[in-house]
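Asker: Spelled out from the first residue to the last, the chains are:
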Amino acid sequence: MNAVTPMKPWKTPLLRVLFFVVGTIKWFQSGLKDLSFIHFARWVIVRRDQFPHVKAEQPREDLRYDYLFFFSNFNGTWNQYIDAFSAVLSSGLNAIWSGSEKFPGSVPVTPFKDYIRVVQFDTDYYYNCYPKATTNDVKAALRVQDELDEFRKTSQTLPPEQFKKAFQEFLVKVQADLGSTGVAPVGT
Amino acid sequence: MANESGQVYGLTILSPIKEEQRLDIDHATQLRWYLCSLPKDHTSPFAKINSTYLARLVVLDDVVFVGHPACEEHLKSRYLIFETNFDGDLDGYLTRMAKEVPEFVDKVWQHCVGYPGLNNRHEFIRYMKQCQVTTTFFFADVNDHTVQQTLTALQTQSALAHFVEKTQGKPPEELQKLFGTFLSHLDAAKPPLPGDRGEKFPSEDRPHD
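Going down the list, the protein sequences come from chains W and H. Quick note: the working numbering has the first sequence finishing at residue 188, numbered continuously throughout. Quick note: the working numbering has the second sequence finishing at residue 397, numbered continuously throughout.
Hints were generated in silico from the structure; no laboratory data involved. All of these numbers come straight from a predicted model, not from anything done at the bench.
As a list, the in silico DMTMM-like pairs of lysine to aspartate or glutamate whose alpha-carbon atoms are at most 20 Å apart:
| hint | chain 1 | residue 1 | chain 2 | residue 2 |
| --- | --- | --- | --- | --- |
| 1 | H | K378 | W | D149 |
| 2 | H | K264 | W | D49 |
| 3 | W | K102 | H | E261 |
| 4 | H | K365 | W | E150 |
Construct all of the structure, not just a fragment, from the sequences and the given hints.
Answerer: Right, here's the structure in full:
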């Protein structure tokens with residue numbers, strides 16, 4: 001998902017301070033972490049005089065607004081994503097986008113979705129190295145890998161009876177993380 | 189640094205797209221056509237640069253007018269947005285792009301103003317950095333593993349689930365022996381292909397699924 005919103009330039013430093021605080025104090029990211037369906041997301045402020053100008057023949061931009069770009073890589077549907085954002089992170093979203101022109105707030109969700117439809121733009125090419133894995137799949141797989149690495153180190157020399165007991169204990173630890181990956185069901 | 193989170197680098201590039209009135213089909217459209225034709229699976233150019241988690245290319249036609257009383261304004265150039273998330277450092281990644289997928293890079297950035305080509309790799313890297321915009325805030329949910337480690341873990345997870353299902357109720361001696369075989373197969377397995385969408389995960393072959 002991609003979105004771009006105009007901001008009055010005097011608001012830009014305030015938003016930078018907010019992002020600095022969120023980036024520095026990890027507790028503020030716990031909401032994003034807890035949602036656990038965003039692989040990567042980024043906010044990029046491009047000031048009105050900072051659009052790349054690489055050659056004299058390229059006309060210079062002449063803008064009154066700074067622009068806030070947002071790029072998100074999430075699993076699930078657009079509606080699930082926006083609904084969850086609105087329900088769980090409304091204060092955070094309001095803090096980030098309140099400086100953007102005509103931002104209606106993230107609650108209630110209908111005007112919020114209307115706004116996103118206006119400021120969103122489409123992706124022309126998208127690549128994902130693990131197209132069948134959700135964020136939770138990735139986290140679970142990494143936990144399984146760690147536990148398996150540990151188990152193989154400690155279990156190799158055990159006699160069979162003890163091995164089976166240790167294997168069962170290992171399974172208890174990883175069983176919740178053994179779901180399979182695949183194409184997600186269609187959500188509504 | 190705002191472009192980085194743990195081991196992950198978030199690169200954002202805005203390259204101005206050429207505008208030539210004499211062309212029947214403008215550069216932005218040609219670029220979109222080319223991007224449409226690119227594979228998105230394990231044959232993608234980004235699968236070759238196998239430190240890429242997720243990447244996107246977007247033609248930004250203009251900024252957005254959100255309605256009055258906001259001002260309506262327009263960009264003078266269209267921009268190609270290149271957004272990518274990878275493990276490693278920026279120079280190494282750009283060098284890999286130039287070395288490993290030169291045809292792709294040429295076909296995309298030939299439509300952009302000031303693209304110097306790939307004859308001089310340092311010039312290419314300088315150009316890309318000139319077009320880079322600094323990420324203000326970058327969030328990476330998992331940021332302490334490489335792409336290959338993550339793909340291997342997904343392969344392990346799937347294989348282990350399959351193994352557990354097959355070996356339920358086996359006596360201790362047999363279970364231990366089978367587990368040894370399982371580990372050998374796992375160690376000998378080919379590294380997973382980035383971007384692979386094939387039906388190759390054993391868990392998906394289970395007849396009752």
